[in-house]
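Q: Residue numbers (our numbering), protein chains in the order written: chain A, 1 to 306; chain B, 1 to 312; chain C, 1 to 551.
Derived from the structure by calculation, the hints contain no laboratory data. Backbone N, C-alpha and C fix where the C-beta goes; we use that ideal spot for every residue, glycine too. Please note that a few of the clues may not be correct.
Stated by the list, open to error - Quick list of the computed label-pair ranges, beta carbon to beta carbon:
(1) M172/B - D364/C: 46 to 54 Å
(2) K496/C - D55/A: 45 to 53 Å
(3) E67/A - L209/B: 56 to 64 Å
Stated by the list, open to error - Here are the computed lysine-lysine pairs in the DSBU-like style, where the Cα-Cα straight-line distance is at most 30 Å:
(4) K39/A - K310/C
(5) K238/C - K39/A
(6) K204/A - K207/B
(7) K125/A - K219/A
(8) K88/C - K530/C
(9) K7/B - K39/A
(10) K507/C - K310/C
(11) K44/B - K125/A
(12) K39/A - K490/C
(13) K238/C - K530/C
(14) K315/C - K507/C
(15) K245/C - K47/C
(16) K50/A - K467/C
(17) K150/C - K467/C
(18) K201/C - K50/A
(19) K530/C - K156/A
(20) K19/B - K8/B
(21) K217/C - K50/A
(22) K39/A - K88/C
(23) K47/C - K39/A
(24) K173/C - K201/C
(25) K3/A - K169/B
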Amino acid sequence: MAKYIIKRVIAAIITLFVLITVVFFLVRLMPGEPFTSAKLTEEVALNMEKYYGFDKPLYMQYFQYIENLLHGNFGYSMFYTNKTVNYIIGQGFPFSADVGIRALMLAISFGIVFGILAAKNRGTKIDFFCVIVAILGTSIPDFIMGALLQYFFGIKWGLLPVAKYRGFEYTILPACALAFYTLASVSRIMRASMLEVVQQDYIKTAKAKGLSNFRITVKHQIRNAIMPVITMLGPTVASVLTGTFVIESIFAIPGMGKYYVESVTQNDYSMILGMTVFYGMFLVVCNLIVDILYGIVDPRVRIGGK
Amino acid sequence: MHVEKNKKLTKEMFVVMGKNADDMELIIRPTLSFWQDAWRRLKKNKAAIIGLIIIVCYGLLAIFAPFLSQYEYSTMDTSAIDASPSLVHWLGCDSTGRDLWVRIWMGARVSLTIGLLSATINMCVGAVIGGLCGFYGGKLDMVMMRIVDILYGIPSLIITILVMVVIGKGVMTLIIAMCIVGWIGTCRFVRGEVYRLKGQDFISAAKILGVPDIVIIVQQIIPNVLGLLVTNLCMAIPGAIFQEAFLSYIGLGISPPNCSWGVLAKEGIKMLRVAPHEVAAPAFFICTTMLALNLLGDGLRDAVDPKLRGTD
Amino acid sequence: MKKKLLSLLVAVSMSIGAMACGAYETEDTAADASTADTGSGSESSEKVFRYSDTVEPTTIDPSKANSIVDNELIHACQESLVRGIGGKVEPGIAESWELSEDGLTYTFHLRDTNWSDGQPVTADDFVYGLQRLLDPATASEYAFIGEYVKNGYAVETGEMEVSELGVRAEDDKTLVLELENPCAYFLSMVGTASQYVPIRKDIVESYGADFAATADKNVYSGPFKLVSTDNMMYVFEKNDQYWNKDAINLDRVEFSVISESNTAVAMYENGELDFVKLPTDSVAQYDDIDSEFMNGNEDYLYINEESTNKIVSNKNFRKALNYGLNRNDYIALATNNVYSPSNTLVMPLVGGASKSYGEEYTLDSYPLDGDIDVAKEYLEKAMSEEGYSDPSEIEIELTTTDLEASKKIAEVLQELWQNALGITVTIRQVTYADIYGSVLPNGDYQIAYGGWGPDYSDPYTYLELFKSDCSYNYSNYKNDEFDKLLEDSKTETDVKARMDMLNEAEKIILEDAAFVPLQCRQQHYLLNDKFTGVEFYFCSINIDWVYADVE
C-alpha cells in the first residue's frame, strides 16, 4: 500500500508538471492578447509586453515561470494589475471551499439516502419521488436553479438573505443550488448501482446464510454499490470546491469561480495558469484519494496486483 | 422408469436411433437475438414507451413545427416585445418580439442534436477506453489515467476556443469540443466498474475458456455496465445542452439568430420577474425531454440487462 | 427495518453536515470580521452609503487605473490638483493657479494638507505621480493620458528620461506644468482622471510591485481613505486629514462587486444597497422612475476600410447601411427603449465653446427612422460599382463580443438590415480579449460593434478615433482633410474657432459614412431617497458620492 501511494504521488507530480507545460503553451495559442484596453496605444503595448517579459523567447519565459512556481509564486495578474495570483486565490478560495463543502455534504448524504431508498422501494411512490428529484436536478441548470431559489426564498418570501456572504444563513441558498446537481447525480448513480448489486450472488449467499436484512444492506449492498459514486466524486469534489462561476455570481459570493472564467475571456495568462495549477493539484489529489478508497471500500480490489 | 422386475433386458429390445444433429441443437423457444429480446421486453414497459413517444413527438415537432407556423424564427416585432402566451403567439414572445413556439422548435433541432450526439460519442469513447483501462490495469491504466487527469485539468474553455480556431465555427465544432474532454467522466466511471467486475466468476470463467480479451470486454463486461451507462447518458444530455448554452454566450456556440434551448433558457432567466414565460417554456421542454429520456433509459436498462434476459 | 435504515442514514448525514458547518463556522466569522458590523448602517448614527457595480476594479493604483470603476474609487480617495464635481472644476490641492499667455504653462499653488498618514502633500508628489505614469518601466495602460504634458510622448516611448518631463516642483507648494499643446479641457480632465493625482515615492518604493494591491499598501490624500479591499468589497472611511473634511458628510462607504445585476437590484429592494444601476431589461419594471444619467458611452459600428470584402469599404454601401437602419426600431428591440438612438459620433453633452457641444451644433445626419428609398439608391450605386446584380448576393459579417447585450444588438441589426436591404448579415462572436487584442487592431473584421467612453469632456476624444495616425483608429479610415482639421485644432487657441473645426471634422466622417452610429447609453438607476448630493458624470467617472449626505 505504502509503495503504491508513493508511486501514485510521484505520478501525480509528473502529471501536474505536464499539465502546467501543456497549458503554458496552449494559452499562447489563444487568439487575442492579455492587454485588451480599447485605448491601448502601440507604445504602451510595447511597454507592457516588456514589463511582463513577453519580449523574451518563449522557452525563457517558460523556465522563468517554472522557477517561480517552484517558489510557490504564481506571479502578478495581468488584468488585476498590482495583485498577485496568490493573493486572488487566497482571497477567493476560502469562500468557494466553504460553500462547496456545505454543498458536498448535502449532496452526498442526501444523494446516497435517496438512491438507497429508491432502489429499496423500486417501483413505489418513494422511487418515483426520488427519480423526479433526480431528473429535475440534472435537467434544471444551475443558472435557473440559483435564480429561482433566490427569487422565491430571498425576494418573494423573504426567508433567507438574497446574496453576499455574511454568515451561516447566507450560505444556505448557494449551497442548496450548488448541491442540487450533484445530489441528483449521486442519487441516480446510487440507485442504479444498488439495483445492480441486489442481483449479485453474494447477496443471495448472505440471505441464504440468514443474515439480517439490515446487515445485508449496510455491509454488503451499500459497500459494493457505493463504488461508482466514489468514482464520480473525485472530479466533482475538485470542481465544486474550487468554485463555480454561475452560483457565485448569482449569490455574490466572493469566490474563485469568477476569476476562472474571466481569466480565459481576458487572456490573463498568469491567472489562467495559476488557476489551472491550483485546480490541477486539487484534482490530482482527489483522484488519488478515490483510487485509494477503492482499495479500502471494495474488499475484492487489492491494489497493486492484477 | 417403470421396468418389470422379472423381465430381462435383451439387446433386441433396443434400437439404435443414431445421432440427429438437428435435434440436438433444437431449441423449442424461438431464437431471439440480444436486441430482439431487449425490444420485446421494452415494449412491455409502459413508462418506457411513453418516454419513447414523447421523444419521437419532440423530434417530429422539431422537424416540422417551424414550417407549419406563420412566424419566422428570426422575425422581430416591435409590437410583441415580451408578449405573454396567447392564441396568436402560443408560447409568447421573447424580448425582441420573436415567436417562442417557433424558436423552441428551432432550438430543439440544435439542442437535441448536440445533446444526443455528444453524449453518445462521449459514452462510446469513454466506455471503450475506460473498459480497457479497467480490464488491463497496470501501466496502461496508470498512463491513461494520468492523461485523463491532465485533460481534465486544462480549462475546457481554452480547449473550446482552440478547437474553434482550428476548425471554425458550427455545431460540429461544438460537438468535437465537448467530446475532447466529455468522455473522461464516463471513462473514469466505467473503469471503476470494470475494476469491480473483473474479479467476478463469469469473467474468470471466460478467461479460462480462452475467450479473447476484446470479446470479454464487449460481450461480458459492457452489457454488465450498460445499466449504469444508460443512467449516465441520461444525465449527460442536459449537461451537453447547457454547456452549449454557456459556449454560445462566449461566442463559441451556434451563431445568431439560430438558437438552442440552453440559449433560450439563459435569455429567459434574466426576464424572470418581467416575463416569466420566457424561461418557463424552454425549462419545461428541457425537463420533459429529460423525463422522457430517463423513463426510456430505465426501460432500456432493464431490457438490456443480461441477468434479466429471457425473463418476462 | 427500512425506517431504521433511513433514520440511521439521515442521522449520519445530518451529523456530518453539522460537523462541517461547525468546523467552518470559525472561519466564517473570521472572514466576516471586517463586514459583520457593517451589515446595517441604520443601527448607529453613522452615515453609510452602500452601492455596487457589476465590474470589479482592476486596480486602485492611480497610474494604472483603466476603467470607470477604478477612476471612481480613486476619485474618492485621492485628491488631484483640482476636483471635478459633476462637470465643474473646483479647487483641489491647488488653491489657485495661473495659465501663461500662450496657454502652455500652468503654475499651481498648493495648499497645506496632509496624506492620511500625516505627511504633508508636496509638489514633488505630483511630479512623481506623472513621472511614474509615463515611465516605460511602469507599463501603465493609460500612459497616453499623460501625453498632454510636455515631452510626455517621448518619455513614454523611452526616447527621453523621465526627468525631462515638463513638470517640476518650484518649491514644496508650487508646481509648474508645461503642456505640449494648448488644451482647453485640460483642467476638467485633471479633475476626473486618476492619472494626475499625487503619489508618494517612498510608499511606492517600499511596496514595489505590490503598491496599492490592498488598502493598507497605499496612503490617501482624498476625502476618504480606503480601509479594506477584501472579498470584492471596498470600504472607505472619512479621511480626517483631508483639507475640506468639514464638507464631507458620509462616514463610511461600502462598494461591493456584484456581477449579476439582477442580484444587485434584489439587494437594493431588500434594503441592503442604497444605489444600484439597472440593467436595460429591468427598467420596464419601474415605470415611474426617471432617474437616469448619460454615462458617456457612444456605441457604433466600426467599418473596416481595408476589409477583404470589397463591398464593405464602398462608400455608397456604407451610406446604404446608415440610411437603411431604423434606429428607433433598433433601440426598441435591442435596448427596451432605454438608450437614446444616435446618428452622430460626439455625445451631445460634452463641452463645446461655452455651452455643451450638442446645444451649440446640430448636425444634419441620417434620419432616426432610416430612409429606405435613399438607402436603396445608395445600395444600387454600390452594387453597380462593385459588380453585384442582386442585393441577396451581398454577404457581410458583423463581429461582436461575447457580452450578452452585444449579442442581442448584433441579432437586431442583422434582422433589421436583412429586411430593409435584402442583404445577408452573418454574426461572428469573439471574446473580449480577442476583439481588442487582435480582431480590431489587426483589421481582421468587416463590421464590428464597439463603443467609446470619453476621457475628457471634449469632442476630440471621440473624433480622434478616426484620425489616421491614431493607435485606435481601428477602421483604418483616412481622410486628409479630417486629419488636418484635427491636427490644426490642437494648436488653435480660439475656443470657438477650434470647436468649429471639430464640428467640421465630424461632418466629414458622417458624410463619408465612416461608421454606423447606434446609441448613447442612458443609465437608469435606483437611489435610496434619503441620500442627497450624489453626482453623475459622463467622463472617466459615472457616480460621484464624495459630497453625498443623508437627509
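Q: If any of the earlier hints don't hold here, list their numbers in rising order.
A: 5, 9, 23, 25
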